[in-house]
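Enquirer: Following the hints, position chain F against chain E.
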Amino acid sequence: MDSPEPKYDEMHAESGRVRDHYAAYSEWLIRQADDALRQKRAEADSLFHRVGITFAVYGEQEGSERLIPFDIVPRILAVDEWRTLAAGLRQRVRALNAFISDIYHGQDILRAGVLAPEQIFCNPQYRPEMQGIDLPGGIYAHIAGIDVVRAGRGEFYVLEDNLRVPSGVSYMLENRKMMMRLFPELFSLHRVAPVEHYPDLLLENLSSVAPAGGADPVVVVLTPGAHNSAYFEHAFLAQQMGVELVEGQDLFVRDGFVYMRTTRGPQRVDVVYRRIDDDFLDPLVFRPDSVLGVPGLMSAYRAGRVTIANAIGTGIADDKSIYPYVPDMVRFYLGEEPLLANVPTRVLRRPDDLAYALAHLDELVVKEVHGAGGYGMLIGPTASMAEREDFRLRILASPEKYIAQPTLALSTCPTYVEQGVAPRHIDLRPFVLSGREVRIVPGGLTRVALRAGSLVVNSSQGGGTKDTWVLEA
Amino acid sequence: MLSRTADHVYWLGRYAERAENLARTLDVQYRLSLLPHEVRSDGVGWEHMLVTLGLEGAYAEKHASIEPHRVIDFLAFDRGNPSSILNCLRAARETARAVRGSISSEMWETFNSTWLEARANAPSRFTARNVAEFIDWVKYRAHLARGVVLGSMLRDEGYHFMQIGTFLERADGVARLLLARLAGEPGADVGGPVALDYYPWSVLLRALSAFEIFRRVSRDSVTPMHVVAFATFRPDVPRSVLRSAQLVYENLQAVANARSAETERRAGRLHASLRFGTLETLTSDGATPYLRHVLATTADLSERIGRDFLGHASPA
Chain E
2 MDSPEPKYDE MHAESGRVRD HYAAYSEWLI RQADDALRQK RAEADSLFHR
52 VGITFAVYGE QEGSERLIPF DIVPRILAVD EWRTLAAGLR QRVRALNAFI
102 SDIYHGQDIL RAGVLAPEQI FCNPQYRPEM QGIDLPGGIY AHIAGIDVVR
152 AGRGEFYVLE DNLRVPSGVS YMLENRKMMM RLFPELFSLH RVAPVEHYPD
202 LLLENLSSVA PAGGADPVVV VLTPGAHNSA YFEHAFLAQQ MGVELVEGQD
252 LFVRDGFVYM RTTRGPQRVD VVYRRIDDDF LDPLVFRPDS VLGVPGLMSA
302 YRAGRVTIAN AIGTGIADDK SIYPYVPDMV RFYLGEEPLL ANVPTRVLRR
352 PDDLAYALAH LDELVVKEVH GAGGYGMLIG PTASMAERED FRLRILASPE
402 KYIAQPTLAL STCPTYVEQG VAPRHIDLRP FVLSGREVRI VPGGLTRVAL
452 RAGSLVVNSS QGGGTKDTWV LEA
Chain F
11 MLSRTADHVY WLGRYAERAE NLARTLDVQY RLSLLPHEVR SDGVGWEHML
61 VTLGLEGAYA EKHASIEPHR VIDFLAFDRG NPSSILNCLR AARETARAVR
111 GSISSEMWET FNSTWLEARA NAPSRFTARN VAEFIDWVKY RAHLARGVVL
161 GSMLRDEGYH FMQIGTFLER ADGVARLLLA RLAGEPGADV GGPVALDYYP
211 WSVLLRALSA FEIFRRVSRD SVTPMHVVAF ATFRPDVPRS VLRSAQLVYE
261 NLQAVANARS AETERRAGRL HASLRFGTLE TLTSDGATPY LRHVLATTAD
311 LSERIGRDFL GHASPA
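From first to last, the protein sequence lines stand for chains E and F.
Position one of the first sequence corresponds to residue 2 (the numbering used here), numbered consecutively onward.
Position one of the second sequence corresponds to residue 11 (the numbering used here), numbered consecutively onward.
For the record, the hints were derived by calculation from the structure and aren't laboratory data.
Where hints are given, some of them may not hold.
What the hints assert, rightly or not - Selected chain F positions facing chain E (in silico; Cβ < 8 angstroms):
(1) M11
(2) R110
(3) N122
Since we're looking at a predicted model, the values are computed, not measured.
Where is the CB? At the ideal position from N, CA and C, for every residue including glycine.
The shape of chain E in the complex, shown without the other chains (with noise of 0.2 angstroms):
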């Protein structure tokens, strides 16, 4: 299945020239034999088991492991390009904290009409418990992962807004390892931007937000355990900080302070950077029956006695529902005209919307306003008339649970699939630190759908992933 607009390819302009920053990879590449490929790319996928870069697969027998594929051709970036990208990444970023930070103090934007009420209090992701907290430096979404696509010429598109535990950059990290493991002699005909110091980017951000007063802030990650699907991504962040991987058990709140359980006693805790979601965090204040959390956190938090990074209810800002304004935002907070475009969006609650949405289903992409992971959602060009129809009886049903955008064609980059080399559909997700200041490193993750034609990048759904490389002129 074919998408229907022609796509931007990432290496080879319309005329079939290799684009400059592609230039010297395509040279290689070329003198590569394929029997070479394939041994590398065996080469990797045993590493990536002896590492045990792996994720756990919901609702397998226990014990199943699986890596996510990891294609062996990078996604390349010209530094021009990823300027352009960068500097709409952080203006977008800063206008996200600044909306969550305004959502639970004055509302302003409330006032100013460019959101209705409803949409904030009749949401599912709205905390009401975070109203009125002040939190340091007024910084909600510490970590934020932006998953942007290629469309059209090649213009850049954000698809949604990563704000509560965006996960993949340690894979970001990994494949950078390998790639530098199985091709060394790329490295020297490239000049790459560097990734590797991420985790230290991360513990000065962390540390920059911790409660004022500590000389020396200790930083926890707060994992669900072994058997969530993203653990290595915690242990291996832990680790590379330098700092304990805790689980909820493993802290306790005394006196209005979170302690973690050590061999020598407690020992004070001033910023959980958590991988649970906000609903686990603290069983008196949200759901009772989660053994993941740590009873009395909220009440420390509000206290101002510990950071919570992401904070709690940044999940406002990244629902779908919600989506479609972020451009409003960037002009209503920084008064500046939005960098980086959205998908033009339809939101289904909107009468004219809804209308025009249920007569082109067939050409839309329907999504579920609080769906994650590529579910919840209806690809109208390749769905069956019984798709669409049971779709269509959805939307009916609450329309504004639903939003609709066209179908992008979305940009490829060759790939190494089992016939060779050949162009697979890509997007990216950048990680956005903020906290005294916003820092990007360059580049991001780069997932890639291996079926031919496929628009699914989720690892989830057989997506794979590819180191990004950002090219230093």
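Expert: Relative to chain E, chain F alone:
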């Protein structure tokens, strides 16, 4: 360090050492079974081994009779036996995974690849018929893991807890190995004719990687009491009970906390008893009761360490 992390590295040390001890125990019995008929004690030897390991009941649930290849399969490969070598390697890997953020990457990769290789080879290359190769492989991987720990692990509390786990397990494992062999002796503590002693007890020394050392440092002949005294009381033999107890004591002192004084005292007392033990200690007390006392003490220490450091609940 987190109590939970300390608990995991402690068990990582224990599982890894247990796999190696089991391989060495199996090695003794397997080599004995290759000796001429008059010096091996046939089925009895395999049975004593199961009894000393506390696994005779679990074995009997699966198999009606003691047959060497079944015992080997049960101890080495049986997925249904939680104490099989394969399951110890798996448990070591799972434990390492749970603390992979706190141990070195090289350590994690070593325990991970040991398990992956075991799993890939267990049904085909590693079999009861081929157990000698498997034993060598387990020992080789144990040497590798030890080297990685020595060469890459931060000398912090985690290291000490891992050492405590390792050497408690080793003291326990070597004591059991000696007990199993003693139980297989006709007239256990007395000793039979010299020529018949030589083979089984030199096999035991070899399994402890200590035959050459015995020859080098001792003028004694290879008799049960000499070998037991040697493997129990020598401070300079890497796998002796004394050296294991000494390392437990030293590492325990390094992590001492406000609650642990009594545990330290008991570890020190075990160490002292071994440090000043002699051949006469064994002949007067009896080697078997003495080693049983060692086992009881390591069990007590294990429980106390869990309570003092690792966040385990006190027994009711």
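Enquirer: Each hint should be assessed against the structure and marked as holding or not.
Expert: Hints, verified against the model:
no. : hint : result
1   : M11  : 5 angstroms, holds
2   : R110 : 5 angstroms, holds
3   : N122 : 5 angstroms, holds
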